[in-house]
Amino acid sequence: MNIVACVKQVPDTEAQIKVKADGSGVEEGGIKWVMNPYDEFGVEEALRLKEKNGGDVTIVSVGPQRAMETIRTALAMGADKGIHICDPVFDGADAFATASALAAAIKGIPYDIIFCGQRAIDDDSGQVAAILAELLGIPQVTVVTKFEFAGSSVKVIRPIEGAQLLIECALPCIVSAQKGLNEPRYASLPGIMKAKKKPVDVKNAAALGVTVSAKAKVARFVPPPARAAGKIICGDDPAAKAAELAKLLREEAKVI
Amino acid sequence: MAKGVWIVAEQRDGAFRKISFELASTARKLADELGEEVCAVLCGSGIEGIAGQLGQYGVDKVFVADNPALEPYTTDAHAAAVAKVVKENDPAILLLGASTQGKDLSARLVGKLETGMATDCTDVKIADGKLLAIRPMYAGKCFGEVVTATFPQMASLRPNVFPAVENAKAGEVVKFDPALDAGQLKTKVLEVQKDASGKVDLTEANIIVSGGRGMKGPEGYAILEELAAVLGATVGASRAAVDAGWRPQSDQVGQTGKIVSPNLYVACGISGAIQHLAGMSSSKFIVAINKDAEAPIFTKADYGIVDDLFKVVPEFTKECKKLLA
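These protein sequence lines are chains A and B, in that order. Under numbering that gives the first Met the number 0, the first residue of the first sequence carries the number 0, and numbering increases by one thereafter. Under numbering that gives the first Met the number 0, the first residue of the second sequence carries the number 0, and numbering increases by one thereafter.
Misleading hints may appear alongside valid ones.
Claimed, not checked - If you only want the chain A side, here are some residues facing chain B, beta carbon under 7 Å, derived:
1. Gln-126
2. Glu-133
3. Ala-162
4. Tyr-185
5. Gly-208
6. Thr-210
7. Val-211
8. Lys-214
9. Lys-230
10. Ala-238
11. Ala-241
12. Ala-245
13. Glu-250
14. Ala-252
These aren't lab readings, by the way, just hints derived from the structure by calculation. All C-beta atoms in this analysis are idealised placements derived from N, C-alpha and C, irrespective of residue type, glycine included.
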């Protein structure tokens, strides 16, 4: 079976994000870069599928040179090869451009199932998996917490508000991973050594035949709105403070 | 030329989700500024009868596809139907909810309509005749002001943030044929497993009572469940509590959990790690109860109590019970 997992390199969840003074983006200095946590669930599921059913796992990533570290991490976890789409035209690209690049790369290789993270924790846009599915003309099941391969189809669990859905989807398809799908493995030391020798194809936009025309653009980045200083309810008696809090929420905030 | 502000309304089992009215009201505001019409797309089976309700929230015209293949929701069927009617009518703006269904559908539509979208917006306005969509990025650690060069200019709106305002308009119902090709429908919902607890999802809750490492263990949550029952709230948890196995993953609020925006968020024993703050800082009012006065959660809180939560919370529950009696 031919399995693909798409990954993105993103700032660690604990990273402080500072907007550049001119609002053109965020400061990258001092950021610790990691594999997008949701993509890790996708890579792990791809590896489990391969271990059970045979086949190989190709990692595809769009990103600057540093994104190679993330591809190597996935290879160290056990994936077989990589495609690194590396071109400055994709810096700050919108979801459509990123999906177009991934689609162009994936069209050139055989695939049965493609795993993506349900969203990347940097731009939080959550669009790439679905656009990629559309560009490849295949179905999608997104935000999946349980995955089962059933021969010519897959069966997944997708939580929605107040329920979960059991969905069957024909192959080939795209599955976007949500937390809860699995517990991703750590790369072993021998895995890390082996990963250094695994093949990674580096391609630019021209090699893929992709042109980028920005559709959605972040015209300006701004810091989050500041919250006004809050009120600390003082005193020694927990009951009195609790009573004061209830009163404030009722009379001042009017939320209970 | 692309014209009109469109929404994709969301219904389940023949009843509108609240986000539909939030979308309609927001679209009305934008359309009034542009001097244009508000149209809605409604897909489902046996739903023609409810379509007119959207008129109460400012919709001029509702395009309805009523077809058994559109119930329950699947991406394939709904994306095909919505894309068809949108392409035929060329709206300037297309809004969806950033609900689980809306997120799935809107992203597929971006692909079908070859346009751009701002996801999970907390504000939208018109600037120079164009849509300016404001959205949290990096889970709210910064915000982006998004403009879209192509049409329709798409945005998905975060549930619970935009007010639903009654503003009666015609709500004229126009049926359309979604022209579904059975061969294109590759996904099938085999089963809908409803949550037996009947609790409101965190993303839709008006009040959330959330606990972190300070709850000391899964038993600690009993006092939060009691408070939640009194307030009609939903219980949430921090990543630390979920990773420790105290609460299910579906309860997690934060950058790798749910992004919530209730009217009231009560954080108990939550220190306020940046990835947690990222998931709840768009709450309208925040209360922090924590014995560590230095906890970062207090920098976000509107009201704070520095004390032992196991002493404060039961008293607070009693007070609320009295007030709400």
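Here is what the structure says about each hint:
Hint status for A:Gln-126: holds, given a least beta-carbon distance of 4 Å to chain B, under 7 Å. At about 3 Å, the closest approach between the beta carbon of A:Glu-133 and any beta carbon in chain B falls short of 7 Å, and the interface hint on this residue holds. Look at A:Ala-162: its Cβ gets to within about 5 Å of chain B, closer than 7 Å, so that hint holds up. Annotation: A:Tyr-185 was flagged as interfacial toward chain B, and the flag is violated, the nearest CB pair being 15 Å apart, outside 7 Å.
Here the hint on A:Gly-208 is broken, as its CB sits about 17 Å from the closest CB of chain B, past 7 Å. Hint status for A:Thr-210: violated, given a least beta-carbon distance of 13 Å to chain B, over 7 Å. The interface hint given for A:Val-211 is violated, since its Cβ lies 12 Å from the closest Cβ of chain B, which is over the 7 Å cut-off. About 3 Å separates the beta-carbon of A:Lys-214 from the nearest beta-carbon of chain B, less than 7 Å, and the hint is met.
Checking A:Lys-230 against chain B: minimum C-beta separation of about 5 Å stays under 7 Å; hint holds. The interface hint given for A:Ala-238 holds, since its Cβ lies 4 Å from the closest Cβ of chain B, which is under the 7 Å cut-off. Checking A:Ala-241 against chain B: minimum C-beta separation of about 4 Å stays under 7 Å; hint holds. The restraint placing A:Ala-245 at the interface with chain B holds, with a minimum CB-CB distance near 4 Å, inside the 7 Å limit.
A least Cβ separation of about 10 Å between A:Glu-250 and chain B goes past the 7 Å threshold, and the interface hint is therefore violated. Nearest Cβ of chain B to the Cβ of A:Ala-252: about 5 Å, under the 7 Å cut. The hint holds.
Against the hints set out earlier in the document, violations occur for numbers 4, 5, 6, 7 and 13.
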